[in-house]
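Trainee: Residues per chain, in single letters:
There are 2 protein chains.
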Amino acid sequence: MNQAAANLSDREALIDQLRSLFGERLTTSKSVLEQHGHGESWHPVQAPDAVCFPHSNEEVATIVKLCAESTTPVIAFGTGTSLEGQVQAVNGGISIDLTQMNQILEVNNEDMDCRVQAGVTRRQLNQYLHDSGLFFSIDPGANTSIGGMAATRASGTNAVRYGTMRENVLGLTVVTANGEIIKTGTRARKSAAGYDLTRLFVGSEGTLGVITEVCLRLHGLTEAISAAIVNFPDVRSAAEASIQTIQMGIPIARIEIVDRAYMKAINAYSKTDYPELDTLFLEFHGTCAGVAEQVQMFDEISQEFGASGFQWADKEEDRRQLWRARHDAYYAGLAVYPGYQGYVTDVCVPISRLADCITETQADIATSGLFAPVIGHVGDGNFHSTMFLEPGNEAMFAKALELDKRMVRRAQQMGGTCTGEHGIGIGKLKHMRNEHGDGAMVAMQAIKVALDPQNIMNPGKVVDC
Amino acid sequence: MNQAAANLSDREALIDQLRSLFGERLTTSKSVLEQHGHGESWHPVQAPDAVCFPHSNEEVATIVKLCAESTTPVIAFGTGTSLEGQVQAVNGGISIDLTQMNQILEVNNEDMDCRVQAGVTRRQLNQYLHDSGLFFSIDPGANTSIGGMAATRASGTNAVRYGTMRENVLGLTVVTANGEIIKTGTRARKSAAGYDLTRLFVGSEGTLGVITEVCLRLHGLTEAISAAIVNFPDVRSAAEASIQTIQMGIPIARIEIVDRAYMKAINAYSKTDYPELDTLFLEFHGTCAGVAEQVQMFDEISQEFGASGFQWADKEEDRRQLWRARHDAYYAGLAVYPGYQGYVTDVCVPISRLADCITETQADIATSGLFAPVIGHVGDGNFHSTMFLEPGNEAMFAKALELDKRMVRRAQQMGGTCTGEHGIGIGKLKHMRNEHGDGAMVAMQAIKVALDPQNIMNPGKVVDC
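Residue numbers (numbering that gives the first Met the number 0), protein chains in the order written: chain H, 0 to 464; chain Z, 0 to 464.
The set of hints was computed from the structure by calculation and includes no laboratory data.
The reader is advised that the hints may include incorrect statements.
Identical copies carry no separate label here, and so any pair may be met within one copy or between two of them.
Stated by the list, open to error - Below, in silico cross-link-like pairs of lysine-lysine (DSSO-like), each with a Cα-Cα straight-line distance of 27 Å or less: (1) Lys429 x Lys29; (2) Lys429 x Lys270; (3) Lys314 x Lys263; (4) Lys404 x Lys429; (5) Lys182 x Lys404; (6) Lys429 x Lys64; (7) Lys64 x Lys404; (8) Lys64 x Lys270; (9) Lys429 x Lys182.
So here's chain H without its partners, still in its complex pose (with noise of 0.2 Å):
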């Protein structure tokens, strides 16, 4: 028998071995090891040989601990909705699907933190909130995991005032690669007792450990609330309006560009009938005097740069769909083309670059002829071009390489990162050594090899370069 047909064996072996632990919650069925082969990204499906669907910490363990026996690979999964191929089974393996330990352990109201099982997603969580004052403020555009959303450090609209799960998560409940359950943090609001494994965990993708729980920070509604949208003549007005709010030090808690081309895709899409410019979508939270002086200040930046037709949104129905909108942006992307798939860019920047980075990215698409409408999250320096390709299509996903690549690179020297949210996977591996250079790449390497000495934890994925 040769090495191959051994570990064939030996895999066979271990999802029978799983399949009299867990019954109906292992399956091996051709459409469900496909759906949890890829997110939605372009990247090509790659199927694991087993999905699982544990209940508890010590379920995961299990299967984490054969797995480590037979050395294969451990793939955790939550909704599915990664950009960069983060749960691609590229060398096949174990897929653990965490949507069943879903549920919220505790809520403590007084401390503002509350702690879940990785499955529960950010809308479940907030629809428990409801009337208690409280909120988690961490929105993506997709409804995910906890889980997911630590793995991947994801932030979302509302980072520029509430920061993204590296200020978010306070601590964690993780599986090792050798199926031990750890705890990783307290719930102090800060510590100085070594070395910090929380924020080792957020954003490693489950190249790591797999978590299972998170502690994460809540925040209070405030007394006011305000929403808008705003035109303006061009994407760099729009931009240089949003550095400056930020340069002032206004508390503005979402501010977020949308050219015009996604404007004119979300109103096919969503119905609505907003201006077709460059736009700014905005929140302002605080006290009601609070809210009312940072809009007057808002305005009065926004004038210098040529904002018309404002238009508010108070009410919480009114503010939720134009929200919606915005979050359903990359969808309305994909209906403009039909059939077409989404290759997704995540640049962030220091912000006093975001203009310039901004408008040359888009010369640059012009240049291409690609549909690439940008959107981003302006107040942290960070935007996403989404170019919009036709699957099989060679010479346009060669010109959408290249593309990104040059933004990429663009953004990097001017001292920023490949990635603002979206996390590294299989997509962006190619980006990490330019990004740290060969010393941190070792650094990282040697802590993948620590705590994961036989490759087992998602391999393949972001220090695999």
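The hints should help you fit chain Z onto chain H, whose structure is shown.
Mentor: Chain Z only, in chain H's frame:
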């Protein structure tokens, strides 16, 4: 020649080699060695074999490379103000004194960030920033070096609004255990590109590498700043008022408790005449209207808890005097019993448990008979009881060690940590396993071995338990 003699001879050869490279910037003068063998705590002096004063990243790399060749310990040294024996040379070795690396390398006003060498002190940086409209927010009591603050994950009085070093370090330059110079992080405000090496080195107390440069977030000075002290009938009332202030979401910049024992010591030391009652020191930052609103909200809360005797300080000079008195509390305590040593505790708990934790601790102190006044960053749930002890009085020290242990266990049982901001060093090693559990300790130790396989980087600290 036996092993010890061989090591000694190796070390002498190393020192000769360093002297040939660094000349007078390498010293073995007894008084300098002694001075580099301790911080500001009660832990006994453990002097290094030599002290070296590099001027550049490359010089630090040279020292570390030579130390690695002879398996000699390397201890990074800033201002020598650590409180848990972080700089003690437990196995001798080379102390790298970074105070001559004190250049402010760049300030990017538009991005509100800067890059400094590790030896720059916080006051030096803020003096440099004077008139720029920006400030660096972290302020432990002493005039510490930025490198030391990063290494210890320091915080101070402003952390409740502006965060700790965890949130304010954007990136680092680090010399690793093999003498490589690596950079972590970018100048972008957020990134999802791989493992968060920045957060791993922040708080690692020199055990994973020597921090030589720090890229920091700065904050904008607000239009209005208003400081005050206010008295409460007891510590519980002051703590309860603080808790409610945080829970109401008032963006208070500083909220510090000082008990009546400390107030008396401060008056004597700083020649002030504050009421000798349990007191909160406060500071509000914002627009003029915003500060007025915060003050009004705080005033209403504080009345509920029996506050009296507000004394306001709005002018910069008056505020400085007020905060200088607060920051000098430790030295004021030392002056009560001349010749005594301070033994500072540093627990941090979820804010809902703060009033219980402080009052139970005070009862415990009263029973012990020790002089151990309480001061704290109550907005973060962090407080210090400093036990002032007679050198050589073993019975008193034994009592202090037991009291400390009970304080830590109490905080840990409340979901808190043994150290909010002072770090582990050698003093808190004994609390690590109880706080993190065996599994997390295994992970931390694996990281230590991965990044420092010879155990030359500040050995005996943080994870050596």
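Trainee: Does each hint hold? Answer for all of them.
Mentor: For each hint, the structure was consulted:
| no. | hint | result |
| --- | --- | --- |
| 1 | Lys429 x Lys29 | neither (31 Å within a copy, 52 Å between copies) |
| 2 | Lys429 x Lys270 | neither (39 Å within a copy, 63 Å between copies) |
| 3 | Lys314 x Lys263 | within (25 Å within a copy, 53 Å between copies) |
| 4 | Lys404 x Lys429 | within (9 Å within a copy, 50 Å between copies) |
| 5 | Lys182 x Lys404 | between (38 Å within a copy, 22 Å between copies) |
| 6 | Lys429 x Lys64 | neither (31 Å within a copy, 30 Å between copies) |
| 7 | Lys64 x Lys404 | neither (39 Å within a copy, 36 Å between copies) |
| 8 | Lys64 x Lys270 | neither (51 Å within a copy, 65 Å between copies) |
| 9 | Lys429 x Lys182 | between (32 Å within a copy, 18 Å between copies) |
Checked against the numbered hints above, the structure violates hints 1, 2, 6, 7 and 8; every other hint is satisfied.
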